[in-house]
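Residue-level listing of the chains:
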Amino acid sequence: MTISRRHLIQGAAGFASMAGLSAGVSTRALAQSAEPMRLGLLTVKTGPLASGGIDMERALTMFLKERNNELAGRKVELIVADTAGVPATARTKTQELVEKNKVHALVGPLAAFEALAIDDYLREVKIPTLSVAAAEDMTQRKPNPWFVRGTSSSAQCAHPMGEYCAKELGYKRMITIGDDIAFGQEMSAGFQRTFEDNGGKIVQKLFPPLTAPDYGTYVAQLKNDVDAIFLAFAGSNGFRFVRQLNEYGLLSKVKVVGGMTALDEAVLRNMGDEALGIITTCWYSADLNTPMNTKFATAFRDQFKYDPGFYAAGTYVEGQVLEAAMTATKGNVEDKEALMKALRAVKMETVRGPVRFDEFGNVVGDIYIRKVARKDGRLVNQVIKTYKDVSQFWTYDQKAFLAAPVYSRESPAAKFLEN
Amino acid sequence: MNKVLMLLFVAGLAIIPLVSGDFYINLATQILIAAVFALSLNLLVGYGGLTSLGHVAFLGLSAYICAWTSTKLGVAPLVAIGLSLVITTIMSALFGLIALRATGLGFLMITLAISQVLWGLAYRWASVTNGDNGISGLTRPSLFGLSLDSASSFYWLTLIISIFAFILMAAFAMSAFGSSLQGTRDQARRMRALGYNVWLIRWITFIYSGFWAAVAGLLYVYYNKYIHPSALSVTASAEALLAVIAGGAGTLGGPIVGAALLVFLKNYASSFVERWNMLLGFIFVLIVLLMPDGIVPGVQRLIRRMRGAQS
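So the protein sequences, as listed, match chains A and B. The first sequence begins at 1 in the working numbering and counts up by one. The second sequence begins at 1 in the working numbering and counts up by one.
Source of the hints: derived by calculation from the structure; they are not laboratory data. Be aware that one or more of the hints could be misleading.
[What the hints assert, rightly or not] Partial pick of chain A residues on the chain B-facing surface, computed with a CB cut under 10 Å:
| no. | residue |
| --- | --- |
| 1 | T46 |
| 2 | G47 |
| 3 | K93 |
| 4 | Q95 |
| 5 | F113 |
| 6 | L206 |
| 7 | L210 |
| 8 | P213 |
| 9 | D214 |
Virtual Cβ for every residue (Gly too), placed ideally from N, Cα, C.
The following block holds chain B by itself, in its conformation from the complex (with noise of 0.2 Å):
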């Protein structure tokens, strides 16, 4: 049933630009683009129980790698694509060594802290970065010699890839290695106890989790054909945690919902509502207060009970 249930989900998005103007599947894209982000820190939030408050970091490395590269350098997009996942992974493994030194707010702060980090660096290297200019001028490659111009045919291959993505990251989290992940998270002295190397586990969560940041940043930097150091700020890594936290923490459907949100109220509901800000910081208290473990669990329990009343 359930199967059935989302594979109509995707064929519905997938014929989204068949039914709708150039506007609404640049909307798609970008909701695609920040769940597959969502996804990638839930991973670290929701199933390691590791907040971290600089996620953003590893989106921002692989999308100014990717723009750099293919700017400056001229390297060929697919040398770009491979140089910009390598180099963000071996640094998310680097960063991983630093960050997990500590757990809670520790981890917050230093992952806060690395972040800013990279955000300065963005903003004062610019002989690389063009600084608070950013790097224009990135052309989205051909694949197979089909264009990726058209808003429509970069949807559906974010699509394709947010796919992957998806099945890939939910793969990570129902493998037995999520399970002893969501170990270390509920019982970390138990699992050492039990044998098993709780560090090992949060740090190649923690590799994994910057790889699918790493993509989501070439989606974006593709998308945008530009790259400024804003992508890196404070506000975008909160923005990112709110999502994970509002859809549901730990949950696959979570990540998903809370970046369709918060994407939704920023450019689409801006338009209507002047104080939008307000609506969205409206919109999180209630969602705390309603459904404090997020809209998909709440969502869940609200199903279950309502058929519990039926029988």
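Same shape as in the complex, but just chain A (with noise of 0.2 Å):
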């Protein structure tokens, strides 16, 4: 189902007279008395990264719909705007969206150099704006006050699995190859930084471009006398490139480990016995038993047909958050002040565990180490380990962290690359 800027009030009317019932005096007055909260969605649904960007449209749709278009006992009119990737549109579609239809609030957009696109312009029209878009400077040296996350920065789910590795399953020797855009330098960075600050060597780093067509190059690079691979891959290049290591019979004679959005549960639907086994790290599974977390699951996968990953549950949880938010102000969100300061005050039982923010807009939260298994007869990624409260600075101290230079290809300088 598709809904481009299709308003979503229907039923509204013969509901908020329900719902009026029920709910306190005040509320009803305000939901019957005030327009509807105007809810804008930046997403991507076309180009390289559209099936992420559908999942996000697809999450918030349907919590939208469970709640009957209403948060806080104020209708939500949700607009959609397709960024196609590109942030020279991006911005145009932000300006589309705040200045034609005077959103409240924004979720999204994806990727990071969107969000960084439109920073100083969120600046300039103070929107409040909930974002998956992972960019470490976002919540990090350039901190922007109109925007939270719920999902999770590149690197902070990195850290946990690097440590993971040198410790738990005692790796010495590891190779990291990601895609070559900040999202993947910078989830690399994180995870070599940890690594190696428990005894852990990187050997060889390596950059595949994001579209590269064919990863036989990088597979025939690989060395040979490590323990494992680090994947930090987005989209579906992980799932590919994970496929292209076993048609080379590889699968069986190195270890892979993954990042948040390497076998990410969109991709894992596609995936034989091959992956059963292999690692990832995220702030999120679909196979995360909690009753919450279940009902949504389950509900997603009954309308689309596969299990929510990365992007589908972090849109949710940005709707959680923005709805508790908006209860906090009972659904005033014409101050944005307020609701920008509610947003950043939320602290709840999400369907990713518990989220709090930080003083620069970042989750605090649970951060999940998952192997892939078979379970009624599909592939999930079951949580094998929770590292409880994972900020974006890891254990490192605040102050250090960011007088450091951003993660990058070159920060931190690797140290035991061998050629």
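Take the two lone chains, each set in its own frame, and fit them into one complex as the hints suggest.
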């Protein structure tokens, strides 16, 4: 089902009177007098990032539908814009949502460079934004006061994974390979940092282009005297790389571990037994055994025939955070300062587990180490260890962390590379 | 008659900010920037017969130089603008030396290669370009004490620069030099036999075109206040080329119409049509079928035919 600029206020009139019976008088009065809250979704529906973008739209539409398009006693009108994954278009679309549609808050955008492209504009127009874009600096060295992120920064999940690989799995020598975009670079850098701090050595770092049609040349370059390979891929690239490793007969010879989008639920459904046993890290798993998540994952699966992954769950979490903040402000979204304050003060249980925000608007929450297993005939990311209350700074001193340059291909420097 | 129409048109453009909201003003600004860029490309493609698939190299180069010198070196806006224009123009002279060793497909491939090299640099030379994070934090300068931060003020500035660009590029195309350029397009050998230095004519055009692409780049970067490697991608070059061809290569109005169509479809129609990429393709196919030489020549022909039918 596709909804682009269809206004989602169906059945609202009939429902408002019903809600009025159970809800308090004040919210009833508000719901009837105030115009609907307008929520903009910046997503990507065309181009290589579209699969995640469509998941975002599906999850948010589902979230609102479950609540009959009403949050905190106020009707919500959702306006979806396609940024095509291009920074300049993302900017125009944001302007359109803000200036033409007069949205009160934004969900999105998807990609880091989109978030950076609209950064100054968000400051200028002061629109509370709930994003899944992982760019480290959006909540670190250049924090935007109008930004909250309920998912994680690029390296937030990679930090515990580095420690896990060194300490629990006992790996000594590893390779990182990831997409040559900020997301893949930051994730690789975060992994390398904690892995090496715990005695491991990254002996090779590879960055294939985002749209590499074939990983053959990269597979051929891989060193064979390593314990494991860390995958920092996004979208369907992790799946493609693992499949190619398998075709080359290497998957039985070398261990593979992955970052938060390497074996996302959205691509796991296309994989076979070769994926079994691969360990990845993420702030979510569709297999997470909490009543709230079981309900969400089941409903999502029933509707779309696959498990919710990074983008679907992330957008759903943003929805929950927004609802909590709007409840705190009693549905008042016109006072943007108050809404923003309430958003950052949110402390709640979501489908991903407990969530709260640090002073930069980035989430502090649980990170899960997950292992691919077969369950009810389909592959799932089974949680095998939980790191509680992980912040974007991991265990490092915040001041020192922020004083160092942002994670990139060169930073922190890899001291053990062998060529 | 034509002049009166043109004045009316410009006057109409000038009052856009008075009658519409910020979103449409910004859309109009983007159309103007795309039009300046398409006009500069049109000098090569339309008048010189040199199809370039790497023209964004100059737009991107000047945008990056401006963003980098302003944010990292902290130079004054005027200095940054001057540096961008000068360096980009010099670079276009150098690239011209390489690209103009060939014409036709060879020229297309070399320009494509050059722009890909710059695209790769923008991605990989992270210490300068910030790689995939792009350069942000650029602020618009104020002009004679007037702030350019509002949508309308920046639109007016863009409009003034666009009009200048149009006049200067039109003058270039319609001058004797422009005629000799068209001569090199149609009959390069004969021009050579007549004693014209074909290579030099092309080279000067390449540099002039690069200069105006740099101007478009400056407008682009100050409008977006952000620059990302995607501005240098092949797609961006191809889009500009499409705009020129769809509007009518080798005409003065064509690139403007093409750029307006493209920006409009990309940024506005995409809100209403889910498969806007398909719509874009469909419209281009229609243009090729119905008006193979572009919208402007096609419409002109239509008008002539209607007039002919009346008399």
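Cross-check of the supplied hints:
no., hint, result
1, T46, "6 Å, holds"
2, G47, "9 Å, holds"
3, K93, "7 Å, holds"
4, Q95, "5 Å, holds"
5, F113, "5 Å, holds"
6, L206, "14 Å, violated"
7, L210, "9 Å, holds"
8, P213, "15 Å, violated"
9, D214, "19 Å, violated"
Hint compliance for this structure: hints 6, 8, 9 are broken, all remaining hints hold.
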